[in-house]
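Novice: Residue numbers (full-length UniProt numbering), protein chains in the order written: chain A, 1 to 466; chain B, 1 to 541.
Fair warning: there could be bad hints in the mix.
As the list claims (entries may be wrong) - Here are the computed lysine to any residue pairs in the SDA-like style, where the Cα-Cα straight-line distance is at most 20 Å: (1) B/Lys129 / A/Glu288; (2) B/Lys129 / A/Pro258; (3) B/Lys359 / A/Glu219.
None of these hints come from the bench; they were simulated from the model.
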Amino acid sequence: MISENEAKILGLLSSKKVLKASEISEYLGIPLSSVFSLANLLKEKGYVSIKEEENKLLELTDEGKLRLKNGLPEDVLISKLNGSSVKISEAKEILGKDFNIALSWAKRKNLVQISNDMIIPKYTSYTSPEFEYLRKVSLGEKIDTVITKELERRGLVREIRSKDMEISLIKDVDVRQSITFLTPELIASGDWKNYTLKEYNVAAFPPFIQLGKLHFFREFLERVKDAMVSLGFEEVRGNFVEMEFYNFDMLFQAQDHPAREIHDSFQVEGKGKLPKDELVKNVREVHEKWWRYEWNQDISKRLVLRSQTTAVTARQLTIRRGETKVFTIGKVFRPDAIDATHLIEFHQLDGLIIEKDFSFVDLLSILKEIFFRIGIKEVKFKPGYFPFTEPSVEIYGYINGLGWVEMAGSGLLRPEVTEPAGVNMPAGAWGLGLDRLAMLMMSVNDIRNLYSDDIEYLRERRIDLW
Amino acid sequence: MVTIVVKESKILEKVKLTEKELEEVLFNLKSETEKIGEDELSIEINADRLDMLSSDGISRAVKGFLGVELGEPNYQVIDTDYKLVVEKVSQRPYALAAVVYDVNLDDDFIKELIQFQEKLHDTIGRKRKKVAIGIHDLGKIREKEIHYRLASLNESFVPLNQRVLMEISDVLTHTDQGKLYANISLFNGTVPAIAEASGDILSLPPIINSDRTKIDNNTSKLFIDVTGTNFDAVAETLDIIVSNLAEGGSKIGRVNVVSDYSNFSPIMRHNRLEFNSMDINRRLGFSLTSEDIVHYLRKSRMEAEAIVDKVAVIVPQYRVDIMTYTDVAEDVGMMYGYQKISLKKPGLSEMGKLNPMTKLERNFRELVIGAGFQEIFSLVLIRGSLLQGNYVSIVNSISEEYNAVRNSLIWTSLKFLEKNQFARFPIKIFEVGEVVVRDESTDTGYRNENRSSLAIMDSKVKYEDLQSVLHQVIKGLTGKYPIYSPITMEFLIGGRASRLLLNNQCLGIIGEVHPNTLVKYGIKYPVVIAEIYLEKITEVM
Numbered sequence: 001m002i003s004e005n006e007a008k009i010l011g012l013l014s015s016k017k018v019l020k021a022s023e024i025s026e027y028l029g030i031p032l033s034s035v036f037s038l039a040n041l042l043k044e045k046g047y048v049s050i051k052e053e054e055n056k057l058l059e060l061t062d063e064g065k066l067r068l069k070n071g072l073p074e075d076v077l078i079s080k081l082n083g084s085s086v087k088i089s090e091a092k093e094i095l096g097k098d099f100n101i102a103l104s105w106a107k108r109k110n111l112v113q114i115s116n117d118m119i120i121p122k123y124t125s126y127t128s129p130e131f132e133y134l135r136k137v138s139l140g141e142k143i144d145t146v147i148t149k150e151l152e153r154r155g156l157v158r159e160i161r162s163k164d165m166e167i168s169l170i171k172d173v174d175v176r177q178s179i180t181f182l183t184p185e186l187i188a189s190g191d192w193k194n195y196t197l198k199e200y201n202v203a204a205f206p207p208f209i210q211l212g213k214l215h216f217f218r219e220f221l222e223r224v225k226d227a228m229v230s231l232g233f234e235e236v237r238g239n240f241v242e243m244e245f246y247n248f249d250m251l252f253q254a255q256d257h258p259a260r261e262i263h264d265s266f267q268v269e270g271k272g273k274l275p276k277d278e279l280v281k282n283v284r285e286v287h288e289k290w291w292r293y294e295w296n297q298d299i300s301k302r303l304v305l306r307s308q309t310t311a312v313t314a315r316q317l318t319i320r321r322g323e324t325k326v327f328t329i330g331k332v333f334r335p336d337a338i339d340a341t342h343l344i345e346f347h348q349l350d351g352l353i354i355e356k357d358f359s360f361v362d363l364l365s366i367l368k369e370i371f372f373r374i375g376i377k378e379v380k381f382k383p384g385y386f387p388f389t390e391p392s393v394e395i396y397g398y399i400n401g402l403g404w405v406e407m408a409g410s411g412l413l414r415p416e417v418t419e420p421a422g423v424n425m426p427a428g429a430w431g432l433g434l435d436r437l438a439m440l441m442m443s444v445n446d447i448r449n450l451y452s453d454d455i456e457y458l459r460e461r462r463i464d465l466w
Numbered sequence: 001m002v003t004i005v006v007k008e009s010k011i012l013e014k015v016k017l018t019e020k021e022l023e024e025v026l027f028n029l030k031s032e033t034e035k036i037g038e039d040e041l042s043i044e045i046n047a048d049r050l051d052m053l054s055s056d057g058i059s060r061a062v063k064g065f066l067g068v069e070l071g072e073p074n075y076q077v078i079d080t081d082y083k084l085v086v087e088k089v090s091q092r093p094y095a096l097a098a099v100v101y102d103v104n105l106d107d108d109f110i111k112e113l114i115q116f117q118e119k120l121h122d123t124i125g126r127k128r129k130k131v132a133i134g135i136h137d138l139g140k141i142r143e144k145e146i147h148y149r150l151a152s153l154n155e156s157f158v159p160l161n162q163r164v165l166m167e168i169s170d171v172l173t174h175t176d177q178g179k180l181y182a183n184i185s186l187f188n189g190t191v192p193a194i195a196e197a198s199g200d201i202l203s204l205p206p207i208i209n210s211d212r213t214k215i216d217n218n219t220s221k222l223f224i225d226v227t228g229t230n231f232d233a234v235a236e237t238l239d240i241i242v243s244n245l246a247e248g249g250s251k252i253g254r255v256n257v258v259s260d261y262s263n264f265s266p267i268m269r270h271n272r273l274e275f276n277s278m279d280i281n282r283r284l285g286f287s288l289t290s291e292d293i294v295h296y297l298r299k300s301r302m303e304a305e306a307i308v309d310k311v312a313v314i315v316p317q318y319r320v321d322i323m324t325y326t327d328v329a330e331d332v333g334m335m336y337g338y339q340k341i342s343l344k345k346p347g348l349s350e351m352g353k354l355n356p357m358t359k360l361e362r363n364f365r366e367l368v369i370g371a372g373f374q375e376i377f378s379l380v381l382i383r384g385s386l387l388q389g390n391y392v393s394i395v396n397s398i399s400e401e402y403n404a405v406r407n408s409l410i411w412t413s414l415k416f417l418e419k420n421q422f423a424r425f426p427i428k429i430f431e432v433g434e435v436v437v438r439d440e441s442t443d444t445g446y447r448n449e450n451r452s453s454l455a456i457m458d459s460k461v462k463y464e465d466l467q468s469v470l471h472q473v474i475k476g477l478t479g480k481y482p483i484y485s486p487i488t489m490e491f492l493i494g495g496r497a498s499r500l501l502l503n504n505q506c507l508g509i510i511g512e513v514h515p516n517t518l519v520k521y522g523i524k525y526p527v528v529i530a531e532i533y534l535e536k537i538t539e540v541m
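Only chain A is shown next, with the shape it has when bound in the complex:
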């Protein structure tokens, strides 16, 4: 891997072959010290060879720079005197702090004579040869070593040593610059050819993103709906708050039946409005005739959270005329202790077929088919009891590793249920708890997980194949 700056250096060398580090620094605007380390990296990678160099150079000291600008002190003294003799004290005032240096060098070079406190110049102007050397040093020109020594002694110049490298390209390389992002501009202009795309660590794990994901249990319910539709059923819906009339009375459940006791359904404040007189009268009649008690209209007006989706079926009976195939999937509510297999709300599938000449055999046949399409390939039938059906049947399904499991209740609706509603054809009905079926079919061992409030459970859950 070649870094961007390494690539720049190799790019430069590809035309010049040999360059000094200082030159590279100047061309590329990279600090010299960085060029040194980059060159060493390139050497390690086998692209260049390096010849280290050390140069000696003279440079002006700060004083040297000052003298080059203003002249040497003894030259300044001669120039200030301009041929006239002055008292030492006066000259001292004129030259300030440089006076002692100026006077001593002027005396040494025999430019002045001292007599009775007077300085008597021998020239009106003078330029010392050192001045010319200072100029040369400042321009980087070479000067005689004796003179160098002299200037060093006067503290006007000093010798410095500088490091440099001679860098030679020894291996040709793809010197295109590497970049991270391919941009539309690079693609459009074709410039992408001048770059290489940086390599990634493709084995590293990516950051987390959340996928949009359907809820597994809702999807199960949707698949059951599809199965019912494929068998010719129309989906209907009902409300959670229901009158006891539809939840119980229409289903031939006597008002003093143990299943209607307060702890078996959730009560809601308020009273409902009963439907048209005819239906209420008919329901009252069958209750009083067969269950032999006084039917109470007020009890049937009480509100509950429906305890069975059969309440939806009961309402369908009152509005359907002619042959009918409907189903509903929805929540029902029953007081219970909450644990891994019980919740106080769960889903039921209720179905209703009203058909001329519909028989118990027809009912069992359609039940087998429904279970087959849901995914339960083997069923067996057990006689059962529900107040609103006769004959009644319980359906057991076979689950691998578990055996026979009770799954649904069904039967032909009693004439005592259909006739008060004005339905004069045979009718089959069934109710099926979907939560436990889903648990069995999707290997969920706690019913509460069907309604999990842990988003990670939902994110991590593997999809179910249907």
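Knowing the structure of chain A, use the given hints to seat chain B on it.
Specialist: Leaving out everything else, chain B in the frame of chain A:
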């Protein structure tokens, strides 16, 4: 379902089957069997089969199913000189009685007899409200004339399993039974009593018997009284008890009754039903001859007779569940065997159809999934104090946690977010579901509404993050973009909340959740939330 426990060895001896075989037969007679102890079976009986609440009744049914015995057994009923005089007892007007001879009581039988009595109390007896049964050792009853009368609270007797004489008022207030049943017996300062003519109380139905006539290992004959508020239920209960005892080998003794409704008991009431064989076949989808039907009914321990294309059935006194021909049809089907019924191949049927709301929901969910939201599915019941506005509260809730029905998905979503503050961010969730709202125009005053909530929780969120999603979802569903009109709502931040409008319909609301509400729910991160009213979307589609 009613569950009884019977002695395994005893019932297997009666039916001459192995445990496995009995289980199989009972499955076909509506019952499930489970071995629960060394020599104990638990059997689930369906609520309609009161005749099967004791092992003798089970044995009668099993023998019929197996074809070992057919038709109605001939139980001997002999006359006795016992008399039951029924006085006016307005709170529980009906009483009947029977005597039973040749009863061989041992500990197991006593246990089962008491269980039988209690199961009848719970079912047909409606927890003794409708019917109560008293079983006495006839040998300990001194007089032949027994009265059903009112007793005043200062009369006294020794109640069952007590050693001392107690006044009735004390029995009502100080015994467990008294406390449980006083409210269905006490009326105008009197309670019903079964007593000897000279006055000694034998029992206070439905509360408790006397200790004097208690049955034990030496009891060989019984006096059984049945009292209650409904004559038919009283008569049926007595018929069932004596029939099962007779099935076990006892003799039934008829008691003379002085009452408005009967001169004797047990009544042993039989019902005759006549129907076309065709009706049974139509109901079941069978094609049986009248003779076949008669055969199956006799297996069901009823007497029946074929009259050309008709069948007449005499329903015996122990099958009180048989009301009409549909009940008869079930017995025919059951004796034929549900397992043997050959099913039809399903015919071709046209496709049915999904509810329009289901279709909308599916499309809605698909679009929101496309925006990367996790679907959640929460419970409908919630703690009422978490809700705002009108909502349905449950009168008899079993837990504070679930004492109300959600009236908006906003609250269930916030509750979900609270639980997921340590999950990987960002949290983007949505739910499609039903809520219940008040609606005076419906017959219950309430109505379900279909809604969807969407929410984003992150260390930084803004209105626009969710608005941009909804903008495209609404466009995708309706073909049009909604407009947004600012709203003020307590739980949303002012100036960061709006209503989504399309064709003057309000499709929902969206906004950043107010810090007060976040704190109330225990949420430590900002949240932007929306609720969409799906019915409204169908109106603008």
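Novice: Indicate, hint by hint, whether the structure satisfies it.
Specialist: Going through the hints against the structure:
A distance of roughly 18 Å separates the Cα atoms of B/Lys129 and A/Glu288; the hinted pair therefore holds under the 20 Å criterion. Of the pairs offered as hints, the one joining B/Lys129 and A/Pro258 holds, with about 11 Å between alpha carbons and a cut-off of 20 Å not exceeded. Proposed proximity of B/Lys359 and A/Glu219 is supported: the alpha carbons are some 13 Å apart, at most 20 Å.
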